[in-house]
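**Q** What follows is each chain in one-letter form.
Protein chains: 4
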Amino acid sequence: MSPELARLGHVALETPNIDESAAFFRDAVGLEEVTRSDGTIYLRAVDEFDHHSMSLTEADSEGVDHIGWQTKTETGLSEFASQLEDQGIDITWIDAGEEAGQGKAIRFSTPTGNEFEFYHEMEKPDPPEERRSKLKNRTYSPTKTNPIAPSRIDHVQIWDPDANKFVEWLKETLGFRVHEYYDRRDGSRWGTWMSASETKIEAAIIDDEEQEKSPALHHVAYKVETANDLFDAKDAMNEEGYTTDGIGQHSISRGKFLYARDSATNHRIEFNSGSYLVFDPNWEPIAWQEGYLEDEDPPGSRQWVGQIESKERVFY
Amino acid sequence: MSPELARLGHVALETPNIDESAAFFRDAVGLEEVTRSDGTIYLRAVDEFDHHSMSLTEADSEGVDHIGWQTKTETGLSEFASQLEDQGIDITWIDAGEEAGQGKAIRFSTPTGNEFEFYHEMEKPDPPEERRSKLKNRTYSPTKTNPIAPSRIDHVQIWDPDANKFVEWLKETLGFRVHEYYDRRDGSRWGTWMSASETKIEAAIIDDEEQEKSPALHHVAYKVETANDLFDAKDAMNEEGYTTDGIGQHSISRGKFLYARDSATNHRIEFNSGSYLVFDPNWEPIAWQEGYLEDEDPPGSRQWVGQIESKERVFY
Amino acid sequence: MSPELARLGHVALETPNIDESAAFFRDAVGLEEVTRSDGTIYLRAVDEFDHHSMSLTEADSEGVDHIGWQTKTETGLSEFASQLEDQGIDITWIDAGEEAGQGKAIRFSTPTGNEFEFYHEMEKPDPPEERRSKLKNRTYSPTKTNPIAPSRIDHVQIWDPDANKFVEWLKETLGFRVHEYYDRRDGSRWGTWMSASETKIEAAIIDDEEQEKSPALHHVAYKVETANDLFDAKDAMNEEGYTTDGIGQHSISRGKFLYARDSATNHRIEFNSGSYLVFDPNWEPIAWQEGYLEDEDPPGSRQWVGQIESKERVFY
Amino acid sequence: MSPELARLGHVALETPNIDESAAFFRDAVGLEEVTRSDGTIYLRAVDEFDHHSMSLTEADSEGVDHIGWQTKTETGLSEFASQLEDQGIDITWIDAGEEAGQGKAIRFSTPTGNEFEFYHEMEKPDPPEERRSKLKNRTYSPTKTNPIAPSRIDHVQIWDPDANKFVEWLKETLGFRVHEYYDRRDGSRWGTWMSASETKIEAAIIDDEEQEKSPALHHVAYKVETANDLFDAKDAMNEEGYTTDGIGQHSISRGKFLYARDSATNHRIEFNSGSYLVFDPNWEPIAWQEGYLEDEDPPGSRQWVGQIESKERVFY
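Residue numbers (the UniProt record's numbering), protein chains in the order written: chain A, 1 to 316; chain B, 1 to 316; chain C, 1 to 316; chain D, 1 to 316.
Hints may contain errors.
Put simply, identical chains are the same to the list, so a pair is met inside one copy or across any two.
[To be verified] Derived DMTMM-like pairs: lysine to aspartate or glutamate, alpha-carbon spacing no greater than 25 Å straight-line:
#1 72 with 95
#2 144 with 20
#3 165 with 90
#4 136 with 280
#5 136 with 290
#6 72 with 168
#7 104 with 284
#8 134 with 20
#9 72 with 172
Source of the hints: derived by calculation from the structure; they are not laboratory data.
Just chain A, same shape as in the assembly (with noise of 0.2 Å):
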């Protein structure tokens, strides 16, 4: 029986500005810091119970050091290691706690160049008492935040030079679903969307074309519940000074969105709202076709088809 993955986890961002970058994720955009160690901080957004989903690294240079995904089980993480050592891929194991808050966990490049993380424990630490909720369900009191804090990670968009071969990869070594996707009219695939959960779409894998060296983060999505918040959120981004981009919504995955940008590094956060759920094993994937919407429809209509103008990105 094969391991299979659980979700997207955390993605670990490095910054030649922390402090800068830290006032831009949890001041600005209202993540919550959970710890600060070695020179990482640790952030999670208000719903989340796991004890980060975005760190922050200092480093000579804006950069990805890896994506977190967690596994179904513990021993999932071995024989993991086991199938991608088959593949010649190299592992290397990271200790309990080395990462602050997690169990052992192992790191190692995909195919294509991109830099993952498999853990499958991770601790939930309780907020600070005066910021708790009284309700179980959730972390923080939503009136001690941020008034526009997302409230859970959701999605990451990887643009790789190899897409189609890292997309092949994704299904056949690590299951991943693929939930749509969208081919060029010279039949070439442009970018397909994807899931480790299965329910959400939890990575966009997009061909960049324009870039030959090694794959890159478009962005990492958090959620928010109504358009009203997207709003709310491209109002406090005027406010505090921050690069937006939209306020749209894609035709692909249906997803409403707002697009910011931390100043120090161009890491670049969107707020998601909308998008739908898969809940059906058959689910058959959704297939667009450049033209589809574009040729037949007016010009106002291309945040249906989800183009991203602002192609900066941020490579590992």
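The hints should help you fit chains B, C and D onto chain A, whose structure is shown.
**A** Below, chains B, C and D alone, put in the same frame as chain A:
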């Protein structure tokens, strides 16, 4: 390896007046009539691809024929059948197509008397062309459907005089996970919120203190996007003259709700917004105790606790 | 030419525990403390430029010192004073600055005993620089205020044992217009919804059947944008431990509401969303009769009629 | 005493293809067709009691026949007529009923060439019984109308090559008040946001730099309740194949917007949410200068400034 359930699929309701019940679920609530055959009307929500998530069948009196659950695999059907027969449960095999749009299925009574159906295959019929969405990842164009139409089935609430036995059986035999539970002051369990899909709460099992006879369906819940949608639904129910209960928000599940009832049967539908999802394989069930919120909080916070005043339920 | 009122300006409340009341209105509800002088705290909502829309003054017991109305012109003050004195009403002139931030004013008791203040000039102090919005057309940056903070004062509801006399006087002497009214089965009037500004309902005058003594303030309402904001406010009140009533929607005015109460005084604030505006000079008052909705409609529609269950009110 | 305007009443649009325009405004946008007479279709929004807030008349080409404003009194009509004639403006009297549902009216060209109509009386026809709301304070049952139907007319935006002269005339002759204005770096005025009703912005007057010919209508705005409603409207326009611009939020007026255009004429409708009201007789106009936000802010904040990219406008 054990067979697994994928999700709550549908509820099959009985009504002494199918036209009046259809007027409620289809014309007022906004479920879509997919087909009518052999005296049964098959309905689905506007975001659903599968053939039906509800059926209405004429009968001598109101009732619940069965609650349908989809298995993860086709082979899961016979695996489950074999397991259940080992427990002494009688299995009835249903031919593909006997329930419109559905593949081969099994039906049986759970040890406490709930009527369940398991199936794997379900047709995904296109809507009529003039009502089909241009977006490939949804079914109906929202401009062509009822303004308050919910998007998809979410959960059922079952009242059972032998709730604890039922909950244990759901866990042990069917692999349900517990997300939350609520204990009375005397330590007895009042309710358990569980999931077949793991991600959302799909079944709330309530200890039916006042009812010795048999288990019953309290409500089936469908999803809407915002709290304003709950007000719009309440408004619509008032315009159409149907009984409602709510609007409010439960502490358990954090679901925002409106209940409305079919005048012919007292079958209750919940319009549900908010709530949370569980992607964590290490989720620790949320434990509530009677008095935790009520004692220290003002009466106005009752909606946070989510006691449902209206006790009508419909028996199998 | 008659003097004219411009709008409801503020309510001046009394409390035996100014710190506890301030904790409610400022820290929990999110009104902004503008200044504190001579034992009075002056508050405004986050979208208001004027100096205050509420004041809290320490007193032996809870009470309403006065309800403030702004005149359209400065000369309107002496014109109103002269008219009122012609009716035998005693006028007290208040010097500019006696009520902080306010110009010259008059105070008087209406014929049925409501304490009113008329003023024209009000300072528009800037918020502290670090909390000021970059947008010139609002006061505070929403990222710096309470997440649930309402935007502006909307209306007051007054219970008066001689409501009909009060309503007639508001129309004849002050030029209020009637937007809606509600008659009991016996033909007597239960409530009248009126406006000084013409545009929104600013005063609901309810016949106080149970109270022979004197008129009282049932609640003061402030505006929020969406129904989700009402849920967020309820959530915040629950977290902070304050009593609430609602959420619901009245048929009269179509206002969506949540009521919350200051623990020190029972002063009640309404969070209000929705409702409608009247720009039509030929508006015909909406006439409701007891039984119009209740008799033919199910109990669940009660919130449409807007009977307020909670009868606490605070006397002048 | 000067006559006074009450509010923006309606826009009378011309179209070379009345069926195509009606398909847009009535079937897609969801305005209600009240009556059709003499080649004109009269429409109102679902929350409006008055006979119409828009009319469509077949003509050789697209155009604006007139913009209608309601006077506060019937005598205001002849008082305005007399004032305007004193300025040398030609007045055309329109008999009651000539414009369906409307009382006696006057029409004239403003000094810069805008075609205006003043009227006081307007019929308030009941909707067809099967579509009438049970709530007496609204017109149509929301369950019977288009899911995205806006509630009421809000404002017009007029582009005028001689904007400053027009603005001064609106203030001096018609008593409009200025809520906000925007000056270019060279000190010239780009736009002025004004009101006849005082409460909301009813006319935005933009300096039409590129157009020497004559003034034109850029858009007419109707109100919706939430930001989700803007997304729903955009979604509907995409499904129906109409051109849109937005979604966004202007810094001026703080209005959240979506623009959509009639395919037959380029007449543009704005779906508007948010914004603010002015009840203050001492309101100080908000003064914006080019560069105040743009220079110091990132490009993403453009929507806060509200430059409208799409310059199509329709001439009188």
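**Q** Of the numbered hints stated earlier in the document, which are not met by this structure?
**A** none
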